[in-house]
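Put together the whole structure using the sequences plus the hints.
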Amino acid sequence: MLNPIREAQLSLQTRRTFLSSVGQFSLGAIALHAMKADALGASSSNDNPLAPRKPHFKAKAKRVIYLHMSGGPPNLDIFDYKPELVKRSAEDCPDSFLKGRTFAFTTGVPKLMGTPRTFKQYGQGGLWMSDAVPNFQKIADEVTIVKAMHTDQFNHAPAELLLFTGHNRQGRPSLGSWATYGLGTENQDLPGFVTMISNGVQPSGGQGCWGSGFIPSVFQGVQCRSKGDPVLFANDPPGMTRDLRRATLDALKDLNQRQQDELGHAETVTRIAQYELAFRMQTSVPEVMDISKEKPATLEAYGAKPGESSFANNCLLARRLVEKGVRFVHLFDWGWDFHGTGPKEDIRGGLTAKMAATDKPVAALINDLKERGLLEDTLIVWGGEFGRTPFREGRTAKSEVLGRDHYPDCFSIMMAGGGVKGGFQFGETDEMGFGGVKDKVHVHDLQATIMHLLGFDHERLTYRFQGRDYRLTDVHGHVVREILA
Amino acid sequence: MPPKAILFLGVFVGALCSAEPINFSRQIRPILSENCIACHGPDEKARKGKLRLDDEQDTKRDRKGDFVVLPGKPDQSELIKRIESTDPDDVMPPPKQHKTIPAAQLALLKEWIKQGAPWGRHWSYEPVARPSVPKNGETNPVDAFLADRQKKEGLTWSAEAPKAILIRRLALDITGLPPTPEEVAKLSGAKHEEIVSAFLAKPAYGEHWARQWLDLARYADSAGYPSDPGREIWAYRDWVVKALNQNQRFDQFVIDQLAGDLLPNPTEDQLIATAFHRNTMTQNEGGTSDEEFRNAAVIDRVNTTYAVFMGTTMACAQCHTHKYDPITITEYFRSYAFLNQSADSDKKDEVPLHEIYPPGVKAQREQWMKDAAVAEAVFKKPNPAWVVGFDEWLTKGPKLTDKPLKTALDAPQDKRTKAQLKLLSDYYVRNISPAAKAERTLADDLKKKIAASKPVTVPIMQDLTGEKRRKTFVQLRGNWQALGDPVDEGVPTHLARWDESFPKNRLGLARWIASHDNPLTARVTMNRLWETVFGVGIVRTSEEFGSQGDLPVHPELLDWLAAEFVESGWDSKKMLSLLLNSRAYRQSSASSAKLNELDPDNRFVARGPRFRPSGEMLRDQALAVSGLLSAKMYGAPVRPIRPNMGLSIAFGGSGDWMTSTGEDRYRRSLYTDTRRSTPYPSFATFDAPNRETCVIRRGRSNTPLQAFVTLNDPVFVETSQALARRLLKEGGTTDETRLRFAYSLCLSREPEANELATLKTLLTKSVAQYKADAALALKMATDPLGPTEKGADVPTLAAWTAVSSVIMNLDEFLMRR
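Order-wise, the sequence lines are chains A and B.
Here the first sequence is numbered in this note's numbering, starting from 1 and rising by one per residue.
Here the second sequence is numbered in this note's numbering, starting from 1 and rising by one per residue.
By construction, these hints were calculated from the structure, which means they are not laboratory data.
In this text the structure is predicted, and so the values were computed from the model without any measurement.
The beta-carbon is built from N, C-alpha and C at its ideal position, and this holds for glycine as well.
Be aware that a few hints might be false.
As the list claims (entries may be wrong) - Short, incomplete list of chain B residues facing chain A, as computed with Cβ under 10 Å: (1) Gly224; (2) Ser677; (3) Thr782; (4) Pro784.
Stated by the list, open to error - What the simulated footprint calls covered on chain A by chain B, stretch by stretch (three residues with Cβ under 8 Å from a Cβ of chain B suffice, anywhere in the stretch; the number is not a length): (5) 109-117; (6) 130-138; (7) 167-178; (8) 263-270; (9) 274-283; (10) 411-425; (11) 435-441.
Unchecked claim - Ranges of calculated distance between the beta carbons of each label pair, as one might list FRET restraints: (12) B:Gly286 with A:Ser96: 20 to 30 Å; (13) B:Asp783 with A:Pro286: 13 to 23 Å; (14) A:Ser96 with B:Lys370: 33 to 43 Å; (15) B:Arg477 with A:Lys111: 47 to 57 Å; (16) B:Glu392 with A:Lys111: 33 to 43 Å; (17) A:Glu276 with B:Asp656: 10 to 20 Å.
Shown next as structure tokens:
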């Protein structure tokens, strides 16, 4: 692939050159080149693939914080209240729900299981929430709950890849990389797309969840950490001082400039610039990743503790990052696979404990963004890759622990800020929680909606690869206009 | 206007001005393909208005007095009218497609119709016809074609690069390693052709070129998907290195990998070669369907086969008939049928496996196993003498880790069951009893021998036979559970002729691909070779030779190379030599304002090639110049230094690893343990794919994160430290001799006076800093390389480490000139 920066410099061109050159277009595709450039709005004169760009139309959201709960939170014990299911708890699951279906860990006839949790309605919109989420209850007026989400996949990895890349197998660009491909980023001293992982395990979908697939790798998510190097290899080696680092880079710049004078390769110019940017990032990244200077009240609100790598810390870091102009922050939290194989996966105590470390920082994040005036143009999404069954998981049915199996037909997600309604619940599932009956939203629709909020027609933000124009939503997706503010 | 567009329009406008005959395949088909074919093409279901613009007859037929294209009469051709229409209901392409045909292309369409609308097949499906070499005084045919083209573009050759630079360029391009100063000295008197041959003869050639092939083969040392367990398949990697070094005929290289097992009396190497298609991922996540993921593996094999060997994107036809190329969904699953008989079925044990033993070991091991069975059986027969001391042993409370044993031992004597007592006494006899010592020694010895002679295994292809053979059906909309009509094995014959003598199995598919009649295989392979040597393919989209791909910038040259390749007996080294010996290759890589403007990607090759190499090669190069590189070849994957991320793989173990010790820490990057879920970070930063699926062409990004790698990654810090020690030891006694030595090692040239001055200034500053802070100096000189020699001048070493790091971050080091 061409180096877009280099080509841009060589041709002294506008962003149009970049947009056409990063794509692997056929030579016969001039019309398409022009269209793409036009489709992405007015050109700005710059030579950096991550420079900020205007979307197709005026965006409601300028940035996204996606909070992913790896494993699939139990929707029926959090947002989707099913009193009829509670009534029929412990009955055999009706055959009509099982016929011709496969579940990950359940065979035979499982027992229905109503939620053991207490549900009430909260906020002006009367949003149903369980006692598992005391802090979500307090922000009910800020959020939309989408209750009839559905997906095509019932195993973790394919479901996560479908959700984040539009396709259930590896190899496609991720949501965050599409966003940075389309919009660039506001702060050139920080990565445009940051991911962080809590609870020690990377998501099942792997690094493909934030990979760039076949689009240039500058758009892939950069994994940041609150322990060790904040970005891989960003720390100078032991024994290197900042002063000496500067001196080495000065020498390097000097020698590389000579090389550029002799050989006339613009890529050398780019390399010089990238070393300088790296030097600046060595200051800007640790600075933004250091939460120790946050006010005690703020740390307390999130439940964050400097030095840890908790989900709470990552929520606070997400705010710090978007505040500094990062375009897309994707958090992955492990531990939501509530099968019931151990006490941590029990929808009673286990869920209470997991949520105690989750709903507080999420609520704090939304409040914090609101106070800072950032909520209105920052989109927050909270959810998993699928839902969980209205029946007890087969393997664990005889144990003390209550768990549910994977379930793709319906699940709930929560959205806030960035052009989404507050105090709103959208869509309905049937009285037993087996499927959506009203206003169903497929994961491709969610993707289309996120792209819409960022100012893109999801059908027009495309990238040419192997002779085909690819997009995040594959050949699907409808914007869910009902939830737009 | 983008530079590519300038080049492309150049073709158009040139054609129009001079009214040269229009070439349908190169000038018209791409316009139709880009704008029209998705709705007016091969896909029946998507077809609108009963019109096929990929079909000459249908395009030109009489439609009740109307004509889409009426040869000679653009004004009466509906094609032109519709493009020019301003009525949103009539205009083509329809507004919702967001496509517009620019005026220059419209003019070209009109001129084409005016010239009688001549038709033609897509260029890459036409047979390869060996073009005659232009006679313009160039001796190398490659140069002859290029010189003609340069003349048309108003360009001309650059001067030849200095010899030492060429030696370095050849060493890196052929072996992936820089030349040693001794090699430069030795070869500086040799002819260019001799230098090429010298490097091609080195085993490092196979190691370097294997890396690229392994991207295509999606080779990894793990099975993929979330749990990503390790997979023993490195014998295949070693086979690729050997096959390349032996310069195996490329057609045989293809056949062995696709169907070596189906050849008569296959050799062990031919079986190992079939692991090419066992590099598909295996899904071990709980609750997943083996059949679903077996199917996914077969799909991957179909797509990879066509992508790697024929530059054809089959994936589109998996769900629906291809919208652009003449491949139907039925044809897709006929190809699938070839690959659907492999016995593997997404199982954790990866069977079928081939076991590899050193010569003689297999029979010996089988004997040991028989002996061991006998030796173990002895203990099953009760022998009262052996239980002497058993009760005493029990009362001593021995430490037992096995759970049933421990339970038995911990049970109170009166509560111990008979079975538990037997368990304990059996254990005593087998492991403790002094009386059974001789028998025990014999059995244990055999056990050890068997363990030590465990074979290396490699997953291979092996077709099912008889009743076990699978039936293949069209899968509707690409859904493995929605089956349509049954299909038998067959290839898309539009792409290449099927010879009835080919067997109707995987071997037949392989023979079809490796046939000299196949117009794609040789073209695709030569294009990839060109891309590797010159940076950009003659067809830029090396992964796509179908109608949606780019057109070749030198069509005659590509066809000449393809024809020559086949006629040479598919001789890869010969074709590589041809390119490396060309005048084009030998030019100085210096560019100019004019070249940058007219040909920024150097596609007309009016200067020498220059581009950034892979991350693997950068690490190898750093190891080589620092003297750390191990020359050891082959074997199980190794684990060089990698930062710990403290993360686990979903449903798997830790993503971190223990660094290999000894020379395994410094092996060529080719041997690095390739984990799909946790790719080696520095390689990934330099655009290495994660090997989940076949990647034909890597990106070549240039980012600040790459600067972090070559400045701060412990691997590169360590090589700077080692280089510093080497410079002080071998580089003479003055700063200047040491800097000169560093330049000869790293850049194969002498430094200029001002370069020396810059580095001396840095050195002076660094020495001062490290002399003032001994602790700092110690870290800089030893972490992670380890303690210095006794009596070493640590502050000076630390300062040289900083200087070495600068030299190893020079643009010239990272991107050979």
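Exercise for the section: Check each numbered hint from earlier against the structure, then list the numbers of those it violates in ascending order. Expected result: Violated hints (numbers, rising): 5, 6, 10, 11, 14, 15, 16 and 17; every other hint is consistent with the structure.
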